[in-house]
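Q: With the sequences and hints as input, model every part of the structure.
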Amino acid sequence: MKNKVQREIPDEILSQYHDGGFQSVDFGHPTIQRVAPKVLAQTGPSKVVDSIQQVVRDTVRDGMTISFHHHFREGDFVFNMVMREIIDAGYQNLSLAPSSLTNVMNDIVVEAIEKGVVTNITSSGMRGTLGDAISHGALKNPVIFRSHGNRARAIESGEIQIDVAFLGVPNADEMGNANGMDGETAFGSLGYALMDARYADKLVLITDDLKPYPNIPASIQQTEVDYVVKVDKVGDPDKIGSGATRFTKDPKEMQIAKMVNEVIAHSPYFQDGFSFQTGSGGAALAVTRFLRQSMIEKQIKASFALGGITKPTVDLLKEGLVAKIMDVQDFDKGAAFSMRESPNQQEIDASWYADPANKGAMVDKLDVAILSALEIDIDFNVNVMSGSDGVIRGAIGGHQDAATAKLTIISAPLVRGRIATVVPAVTTVITPGDSIDVLVTEIGIAINPKRQDLKEALAKVPGLPIYSIEDLQKRAENLVGRPKPLAFKDRVVALAEYRDGTLIDVIKEVQD
Amino acid sequence: MEIKKTALAGTLESSDVQIMVSQGTNGLEFDLVSDVAKQFGEQIQATIEDVFAAYDIHNAVIKVVDQGALDPVIKSRAITVCQRALDQVDQPRWEVL
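Heads up: the sequence lines are chains L and B, in that order. Going by my numbering, the first sequence opens with residue 1, and the numbers climb by one from there. Going by my numbering, the second sequence opens with residue 1001, and the numbers climb by one from there.
No lab work stands behind these hints, which were simulated from the structure alone. In this text the structure is predicted, and so the values were computed from the model without any measurement. Treat the hints with care, as some may be off.
Calculated cross-link-like contacts (lysine to any residue; reagent style SDA-like; alpha-carbon spacing at most 20 Å) [said to hold, decoys possible]:
no.: 1; chain 1: L; residue 1: K489; chain 2: B; residue 2: K1038
no.: 2; chain 1: L; residue 1: K484; chain 2: B; residue 2: K1004
no.: 3; chain 1: B; residue 1: K1038; chain 2: L; residue 2: H136
no.: 4; chain 1: B; residue 1: K1075; chain 2: L; residue 2: N478
no.: 5; chain 1: L; residue 1: K474; chain 2: B; residue 2: G1068
no.: 6; chain 1: L; residue 1: K484; chain 2: B; residue 2: E1013
no.: 7; chain 1: L; residue 1: K252; chain 2: B; residue 2: S1015
no.: 8; chain 1: L; residue 1: K484; chain 2: B; residue 2: G1068
no.: 9; chain 1: L; residue 1: K252; chain 2: B; residue 2: Q1067
no.: 10; chain 1: L; residue 1: K211; chain 2: B; residue 2: E1042
no.: 11; chain 1: L; residue 1: K484; chain 2: B; residue 2: A1037
no.: 12; chain 1: L; residue 1: K484; chain 2: B; residue 2: Q1067
no.: 13; chain 1: B; residue 1: K1038; chain 2: L; residue 2: L486
no.: 14; chain 1: B; residue 1: K1038; chain 2: L; residue 2: V423
no.: 15; chain 1: B; residue 1: K1038; chain 2: L; residue 2: P424
no.: 16; chain 1: B; residue 1: K1075; chain 2: L; residue 2: P483
no.: 17; chain 1: B; residue 1: K1038; chain 2: L; residue 2: E509
no.: 18; chain 1: B; residue 1: K1038; chain 2: L; residue 2: G481
no.: 19; chain 1: B; residue 1: K1038; chain 2: L; residue 2: R393
no.: 20; chain 1: B; residue 1: K1038; chain 2: L; residue 2: P485
no.: 21; chain 1: B; residue 1: K1038; chain 2: L; residue 2: K249
no.: 22; chain 1: L; residue 1: K474; chain 2: B; residue 2: L1070
no.: 23; chain 1: L; residue 1: K359; chain 2: L; residue 2: F27
no.: 24; chain 1: L; residue 1: K249; chain 2: B; residue 2: S1014
no.: 25; chain 1: B; residue 1: K1038; chain 2: L; residue 2: K140
no.: 26; chain 1: B; residue 1: K1075; chain 2: L; residue 2: R482
no.: 27; chain 1: L; residue 1: K239; chain 2: B; residue 2: K1038
no.: 28; chain 1: B; residue 1: K1075; chain 2: L; residue 2: E477
no.: 29; chain 1: L; residue 1: K484; chain 2: B; residue 2: L1032
no.: 30; chain 1: L; residue 1: K252; chain 2: B; residue 2: L1070
no.: 31; chain 1: L; residue 1: K252; chain 2: B; residue 2: E1013
no.: 32; chain 1: L; residue 1: K484; chain 2: B; residue 2: Q1045
no.: 33; chain 1: L; residue 1: K484; chain 2: B; residue 2: S1034
no.: 34; chain 1: B; residue 1: K1075; chain 2: L; residue 2: G481
no.: 35; chain 1: L; residue 1: K474; chain 2: B; residue 2: G1027
no.: 36; chain 1: L; residue 1: K474; chain 2: B; residue 2: D1071
no.: 37; chain 1: L; residue 1: K484; chain 2: B; residue 2: E1049
no.: 38; chain 1: L; residue 1: K474; chain 2: B; residue 2: P1072
no.: 39; chain 1: B; residue 1: K1038; chain 2: L; residue 2: F27
A: Here it is, written out as structure tokens:
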């Protein structure tokens, strides 16, 4: 069957999939029955156990679903420590359900797959050697990719039923009160991990800093925690915020950022009290800088900034240009430490952030979202998952979720090296074109034809050339040439869900 | 034309291509390394073959390390490496440019 974004979903996959193929970006108002975790009552006096080995032996059984968070990013030690014990103990047929997988986790996941320890994976994304292995058919069952909001939805609905969650934290007390904002390995918001804390049957905290009881602020509360394990080090502080916050000097990125700012500043949403989300890429950070200038000039203040937070956004809060930061994760130390000090920087969980199946998420109130793309096609569909060679190397993150904003801007260069970004059809559809409003490239912008209102609002802005997206695609092709189509095998190696749990696309095994 | 000496043109910077040419006896033998080989390998090779044909070179070992170069870049590097390999850098062959 072809779904609404014209992707062929094999019938044998669709028949096992209760939510069916992607239909609409409109979630509607269904009634949802949530699940609740099993609780083994205890009164303490302490939940501290000696070793990961012991807690794995007490909690993990063959066939279970285990989960982790990725807030330590490339500085994570916890994932490898726990998976080592699990592999060495010889468990089989586990499902791995982390909030995402970073490069530092790749090798041990590949090992776990080869040894039959892990037979199912759901994640926001994956890269490097793991993405390569999956794209070459290493795992028998297809990986399921879910956005951060969709993961929250799937956990609440029981589609992801977590048996044991292993959550690394920079601090905790003996009963399990913990937060992400204090200590040497502080990363700020625990946003994604809070879902696991609330819904896992068994919750294991792993920390290198045992605090006097009671430890506050307690983002994770003792009422949810089964075990606390003290280890030497949970992470490498230098790699937790690696590479994210850096002001670009790239003239192409600066040009894109300038035009993104023009689009925002001339849109009907640029009014006092507006809200926005930017990413952590070079262009996105530069946008924040230009936006600051526009806000000062026009005396406009934002009611909130959302999403993954960086130092430049925190600076806007301190300057009074942004009233509140709604913070699901922090990309750098500046943002992480400011959460501790600033009462206006609110930690939010993934459900509050972006889940469509609750009584209202932050993204529903979002005016402007600035997002990136590996590819965008002439129907405005966006790929952030598979590379130009068809290999998995990305993550949905909050892309589908934030794209439901009133003004969703994709900022991307027309070409990267010899690879066109604007293409006739994306390799993998992750975010449907229906939720994308404007594409900004270094040579000009394209507006989704269904947004005539924006076309009028942006028609006479100096220095903002407007093209049709077909024109931009042809200009890209004229520069780089027409690529030979990628060859794939028939076997499906990964499924991409839309945020409502329907199937938006499948990823097939690559042919080399 | 005979290759007079092993020659190199281009760098390993992104969007450039490095081409090394040495003597061969078995036609144009390509060794191509590129991140975009799947989509553009044949086009990269064809662009280089055209330049070598214009220089009348029919036997050579050609090692190409491509960093996502566009066609005009590949063509320029190919011309340069041919002139260097033929020891003709002082007499550019304007007609092939």
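Q: All hints are to be evaluated individually against the structure, with a verdict given for each.
A: Against the structure, the hints come out as follows:
1. L/K489 with B/K1038: holds, 15 Å
2. L/K484 with B/K1004: The hint is violated at about 35 Å.
3. B/K1038 with L/H136: holds, 15 Å
4. B/K1075 with L/N478: Status holds; Cα separation ~16 Å.
5. L/K474 with B/G1068: holds, 19 Å
6. L/K484 with B/E1013: violated, 24 Å
7. L/K252 with B/S1015: Holds. L/K252 to B/S1015 sits at ~14 Å (cutoff 20 Å).
8. L/K484 with B/G1068: Roughly 15 Å separates the two Cα atoms, so the pair holds.
9. L/K252 with B/Q1067: holds, 19 Å
10. L/K211 with B/E1042: Violated: L/K211 and B/E1042 sit about 62 Å apart, past 20 Å.
11. L/K484 with B/A1037: Roughly 10 Å between the alpha carbons, so the hint for L/K484 and B/A1037 holds.
12. L/K484 with B/Q1067: Holds: L/K484 and B/Q1067 sit about 18 Å apart, inside 20 Å.
13. B/K1038 with L/L486: Answer holds: B/K1038 to L/L486 is near 7 Å, not above 20 Å.
14. B/K1038 with L/V423: holds, 16 Å
15. B/K1038 with L/P424: holds, 18 Å
16. B/K1075 with L/P483: Roughly 18 Å between the alpha carbons, so the hint for B/K1075 and L/P483 holds.
17. B/K1038 with L/E509: holds, 15 Å
18. B/K1038 with L/G481: holds, 14 Å
19. B/K1038 with L/R393: holds, 16 Å
20. B/K1038 with L/P485: Holds: B/K1038 and L/P485 sit about 9 Å apart, inside 20 Å.
21. B/K1038 with L/K249: violated, 31 Å
22. L/K474 with B/L1070: holds, 16 Å
23. L/K359 with L/F27: With Cα atoms ~12 Å apart, L/K359 and L/F27 stay inside 20 Å; holds.
24. L/K249 with B/S1014: Roughly 17 Å between the alpha carbons, so the hint for L/K249 and B/S1014 holds.
25. B/K1038 with L/K140: violated, 25 Å
26. B/K1075 with L/R482: holds, 17 Å
27. L/K239 with B/K1038: violated, 33 Å
28. B/K1075 with L/E477: holds, 18 Å
29. L/K484 with B/L1032: holds, 16 Å
30. L/K252 with B/L1070: Holds. L/K252 to B/L1070 sits at ~17 Å (cutoff 20 Å).
31. L/K252 with B/E1013: Judged against 20 Å, a Cα distance of about 17 Å means the pair holds.
32. L/K484 with B/Q1045: This hinted pair holds, its Cα atoms lying about 13 Å apart.
33. L/K484 with B/S1034: holds, 14 Å
34. B/K1075 with L/G481: holds, 14 Å
35. L/K474 with B/G1027: With Cα atoms ~36 Å apart, L/K474 and B/G1027 exceed 20 Å; violated.
36. L/K474 with B/D1071: Answer holds: L/K474 to B/D1071 is near 16 Å, not above 20 Å.
37. L/K484 with B/E1049: holds, 18 Å
38. L/K474 with B/P1072: holds, 18 Å
39. B/K1038 with L/F27: violated, 39 Å
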